[in-house]
Structures are given as structure tokens and as C-alpha cells.
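A.B. asks: Each chain, letter by letter, is given below.
There are 2 protein chains.
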Amino acid sequence: MKTYLDCIPCFFRQGLEAARMATQDEEKQREVLDEIAKELPQISINSTPPEMGRKIHKIVRRITGSSDPYREIKDKYNKIALRLYPELKERVIKAKDPLLMSIRVAIAGNIIDFGVKNAHIDIEKEVEQILKQDFAIFDYIPFKKVLGHTAELLYIADNSGEVVFDKIMIELIIEKLNKKVTYVVREKPIINDATIEDALFCGIDKIARVISSGSDGPGTFLSLATDEFRSYFNRAKLIISKGQGNYETLSGEDKPIFFLLKAKCPIIAKDLGCKTGDIVLKGQDSKIAHSS
Amino acid sequence: MKTYLDCIPCFFRQGLEAARMATQDEEKQREVLDEIAKELPQISINSTPPEMGRKIHKIVRRITGSSDPYREIKDKYNKIALRLYPELKERVIKAKDPLLMSIRVAIAGNIIDFGVKNAHIDIEKEVEQILKQDFAIFDYIPFKKVLGHTAELLYIADNSGEVVFDKIMIELIIEKLNKKVTYVVREKPIINDATIEDALFCGIDKIARVISSGSDGPGTFLSLATDEFRSYFNRAKLIISKGQGNYETLSGEDKPIFFLLKAKCPIIAKDLGCKTGDIVLKGQDSKIAHSS
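Chains F and S supply the protein sequences, listed in that same order. With this note's numbering, the residue at position 100 of the first sequence is 100, and numbering never jumps. With this note's numbering, the residue at position 174 of the second sequence is 174, and numbering never jumps.
Since the hints were derived computationally from the structure, they do not count as laboratory data. Treat the hints loosely; a few may be bogus.
To be verified - Here are the computed lysine-lysine pairs in the BS3-like style, where the Cα-Cα straight-line distance is at most 27 Å: (1) S/Lys28 <-> F/Lys270; (2) F/Lys38 <-> S/Lys28; (3) S/Lys275 <-> F/Lys125; (4) S/Lys2 <-> F/Lys38; (5) S/Lys28 <-> F/Lys55; (6) F/Lys144 <-> F/Lys89; (7) F/Lys275 <-> S/Lys264.
Produce the entire structure from the sequences given, and follow the hints as far as they go.
C.D. replies: What follows is the structure, given as C-alpha cells:
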């Protein structure tokens with residue numbers, strides 16, 4: 001997805017929030033905003049928003065000296081999510097369509113996102129709502145078809161905390177459908193995005209291989225990909241991509257990707273052809289999306 | 001009021017909205033944002049937000065070549081407001097406390113503000129709500145006291161359209177309370193702020209003297225004041241200041257000012273000590289505000 005002009009005010013909002021997370025020093029917070037302003041004219045509208053996001057958070061780290069401003073928040077939400085795990089797991093097992101319920105659970109986890117404005121989350125209430133919400137884009141039949149024809153899949157994570165929700169879907173795919181899953185996290189801390197620490201904390205490594213995409217930005221940047229990730233990505237018959245950042249960076253790739261997300265930003269919603277607040281299961285390849 | 005760091009993302013939002021109002025050319029819109037970014041590091045946090053607002057809209061005018069991007073919107077809301085005039089006028093006349101109702105009407109007019117985010121206004125619904133809403137700050141007794149002791153007052157306008165609502169309050173003050181009123185508008189077009197054209201369109205000149213503050217920004221800048229305005233301002237025994245921009249630029253002045261506004265921005269609300277959406281009649285001078 002390209003950068004829309006509406007993303008620009010949001011870059012400053014995001015930089016300010018991250019700076020405040022990293023330091024209470026208002027002069028440093030201001031310096032962060034001035035540095036973002038210096039960077040702005042170099043940003044091409046044809047680059048994806050997470051490319052600027054990546055630069056913004058580099059600025060925040062450099063100026064504040066904090067390498068992982070969201071670590072505390074990440075730990076907090078990992079723990080909250082683990083507390084919800086048993087109940088959500090049971091709902092998937094007891095559901096009429098456990099796969100569909102596990103997709104809903106995985107999308108519900110996507111509310112834990114501190115890159116988005118007003119991330120004050122009443123997590124249990126929002127999860128409950130998403131478990132019952134209608135999908136705005138629902139490529140479920142093609143998804144099941146592709147899943148049925150592949151023995152292994154790539155699952156690209158988005159946020160910490162959300163990792164626990166992903167785990168419930170991944171357990172179902174492994175234990176009930178006998179597939180092999182490779183779980184992809186960011187290489188370095190960025191906002192509250194999941195890194196290897198979060199995957200280990202939630203025990204994903206016990207059921208799936210966990211690899212890094214090589215990315216130190218809030219998305220999946222193929223230009224930064226490790227050889228390992230690139231090899232998985234290129235040969236994958238099915239890629240599950242969680243959240244907005246991965247959508248923004250991968251929506252232009254001609255791969256068998258299914259995007260699972262809640263549209264939290266009006267610009268991404270517009271790009272997807274849905275509304276803010278909608279939940280989406282969207283197949284990337286037009287052949288996939290429209291086959292049944 | 002000083003500039004808060006939260007104002008900075010909003011400067012870009014405001015610049016983008018104004019650029020879009022002035023031109024459909026996305027490259028020019030982008031250029032506006034880049035120019036705002038260049039200006040940003042020079043802005044002192046101790047200057048008021050409308051000082052940056054003034055620079056932003058100068059950039060918009062220079063790059064788009066449009067000297068008054070909001071002219072059409074201003075005409076539209078002047079006409080809408082004139083249509084509401086007879087009914088609102090009657091409500092003031094028939095009210096148990098006509099002065100208080102006229103203050104409510106004047107504040108209700110303050111919803112017509114295109115400097116603020118999401119200015120999609122259901123005008124009749126919002127007016128109705130404000131006419132019944134509780135005040136968050138209500139220095140009505142001191143206001144009446146000061147008004148009782150002065151023969152003439154200065155009334156600083158905010159937006160076009162709103163001018164019609166002001167007129168209802170001004171008519172009451174002139175006709176029922178026998179005061180003289182001087183009505184102050186901006187010197188040059190800025191956002192949808194009221195200029196001499198709007199005052200004439202709504203016929204304020206028929207009941208009050210209309211003068212310019214000298215300001216070409218979205219507030220009242222004493223540094224730009226005409227000699228005429230400065231003279232009125234310095235000797236005034238009562239100044240009514242409408243809206244956020246005038247509050248932002250005049251809240252530091254030790255003058256007998258009463259601010260009438262609806263708090264539409266969370267930062268201004270915080271500065272005032274109220275919440276977004278609140279309505280306010282706030283006396284500036286602490287002696288005024290707390291006398292009764």
C-alpha cells in the first residue's frame with residue numbers, strides 16, 4: 001500500500017506517542033518531531049507507510065536512547081492474553097466451526113496495537129465483539145481450499161499479546177489439521193510488534209518453528225529479509241499475514257497471502273474497501289480470492 | 001496558550017485539509033506538508049498555536065495560489081445561519097433569561113469551525129444540544145456584573161456563519177441593555193474565520209461598528225493589531241472573545257475578557273480545565289471570575 005497524504009499527520013502523532021513512551025523529557029520529544037519533519041521531504045508517496053514508520057522509530061530510539069520503549073506494555077499484554085488463553089481455547093474447541101472460530105480469535109488479538117491512535121483497549125469487551133462480528137471481507141472458502149492443499153504454511157505475526165491469540169489458531173492448524181507452521185516475528189523491537197522474546201514467552205516455539213523476517217520496522221520488508229525468511233516466503237503455498245503493518249508492506253506482493261486483520265485506520269480501511277472497525281479475511285491473489 | 005506538542009500532528013492535519021480545500025493537485029498538497037515540515041523547527045513551544053496556524057495558511061495560499069480557499073464554505077454557512085436566525089431570535093426574546101439564552105446561542109454558533117478536525121456539522125442538531133447543555137465553566141454572575149458597569153464593549157468574532165449567532169446576542173445587548181458594541185473581525189481571510197465581508201453579509205454593521213483586528217491568522221494577534229483595534233482593546237471595560245483561536249491568542253492577556261466557546265480540541269479543553277465538547281463562559285481576570 002502506498003503512503004497517502006493523510007498518513008503524514010499520523011506519522012507525527014505516532015512519533016510523539018513513541019517519544020512519550022520512551023522519555024518524559026519534553027525537549028527530547030520535541031526533537032523527535034523536528035527530526036521527523038526533516039525526514040519528511042525525502043519520503044516518497046510510493047513507499048509504504050511502515051517504511052516511514054521504521055524511520056520514525058529509529059529517530060525515537062536515537063534521540064531518547066531507549067532501544068525498546070514498548071517493552072513494558074508488551075510484557076503486560078502478553079500476560080493479559082495468556083490469562084484469556086484457556087477460555088478462548090475452549091471456545092475454539094467447542095465451536096461448530098473451530099477453524100473459523102480460531103480465525104476470529106486471531107483477528108481479535110489484533111486489537112492489541114499501539115501503533116494506532118487511541119489504543120486504550122478494553123480487551124475482553126473488544127474480543128467478545130469480534131468473536132460475533134460479521135466479516136466485511138470474507139474469503140473463507142478460498143482460504144480453506146488453499147489450506148487443504150498445503151502441508152505447511154507461513155504465519156507472519158503482528159503484535160505481542162496478539163501472539164497468544166495466534167497460538168490458538170496455530171495449535172488448531174497443527175493438531176487438528178496436521179499442518180506444519182512457521183511463525184515469523186520482527187528482527188528487532190518496533191512499537192509493540194512481536195519479536196522472538198514474545199513468541200518464546202507465549203510458547204509458540206514449542207509447537208512451531210519461529211523465525212525472524214529480518215524486519216526492524218512495523219511491517220514485513222522484503223528488502224530487509226533474511227535469506228531464511230525469503231526462502232520460506234518464496235516457496236510458501238499459503239501465507240497468513242496478521243495486522244495492518246503486514247498488509248501495508250505485503251499488499252503489493254503477488255503471493256498466496258491471506259490477510260487477517262481488524263481495520264483500525266481509516267486510510268487502510270479505504271485501501272481495503274471496507275470501513276474502520278471492520279474485520280477482514282482477505283485473499284491476496286485474485287485467483288485465490290475468487291475461486292471457490 | 002502555549003503550543004503543546006500534541007498541536008504538531010494537528011498542524012499537518014490542518015495544513016492538509018486547507019490544501020485540499022484550495023486545490024485537487026496532490027503534488028501541491030504534498031508540497032504544503034513539506035513546507036510545514038520545514039517551518040516546524042523554527043516554531044517556539046512558547047508561541048501560541050494560531051501563530052503556527054497563520055504560517056501554515058500562508059504556505060497554503062502561496063503554494064496553491066488560492067487567497068481564500070474557504071470562501072465558498074463561508075458563504076454557505078452564512079446562508080444556513082441566516083435561515084436559522086428568526087427562530088433563534090424568537091427563542092432569545094421568549095426565554096426566561098434572554099441574556100443567558102443569547103450567550104447560549106452565541107456559543108452554539110461556535111460549532112461552525114473548519115479549523116477543527118471532523119467539521120462535519122449537523123448544525124440544527126448541535127445548536128439544539130448546546131441550547132440545553134450545562135456549562136463546564138460558568139462565570140455568568142461576574143459577566144453580568146461587568147456588563148452592568150460598562151456602557152460599551154468589544155466583541156471579537158470567530159467564524160463566518162457564527163456571525164449571525166453573535167448578531168442575536170449583540171442585538172439584545174444593544175436594544176435591551178442599551179450598550180454600544182464594537183464588533184471585531186479578521187483583517188484577511190484565514191480558514192473560515194469571519195472577515196468584514198461576513199459581518200456585512202449578516203448585517204452586523206447596521207447595529208454595531210465593525211472593525212478589523214489587523215489579524216491575518218486564526219486568532220487575535222496583538223503584535224499585528226491596527227492602532228484602532230489596539231486603542232479599543234486597551235480601554236475596553238468588557239471584551240467578549242469568541243472561540244478557540246481567540247482564546248489561544250488572548251488567554252495570556254490581563255484584560256477583562258470573557259471567553260465564550262465550545263471546547264472542540266482536547267488540548268484546549270485541558271488548558272481550560274474542561275472536557276472536549278464542553279461549553280464555556282470563562283472570565284479572564286481572576287478578580288472578575290471570582291467576584292460575584
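A.B. asks: Compare the structure with each hint and give your call.
C.D. replies: So, going through the hints one by one against the coordinates:
no., hint, result
1, S/Lys28 <-> F/Lys270, "holds, 22 Å"
2, F/Lys38 <-> S/Lys28, "holds, 18 Å"
3, S/Lys275 <-> F/Lys125, "holds, 25 Å"
4, S/Lys2 <-> F/Lys38, "holds, 23 Å"
5, S/Lys28 <-> F/Lys55, "holds, 24 Å"
6, F/Lys144 <-> F/Lys89, "holds, 20 Å"
7, F/Lys275 <-> S/Lys264, "holds, 25 Å"
Against the hints set out earlier in the document, no violation occurs for any number.
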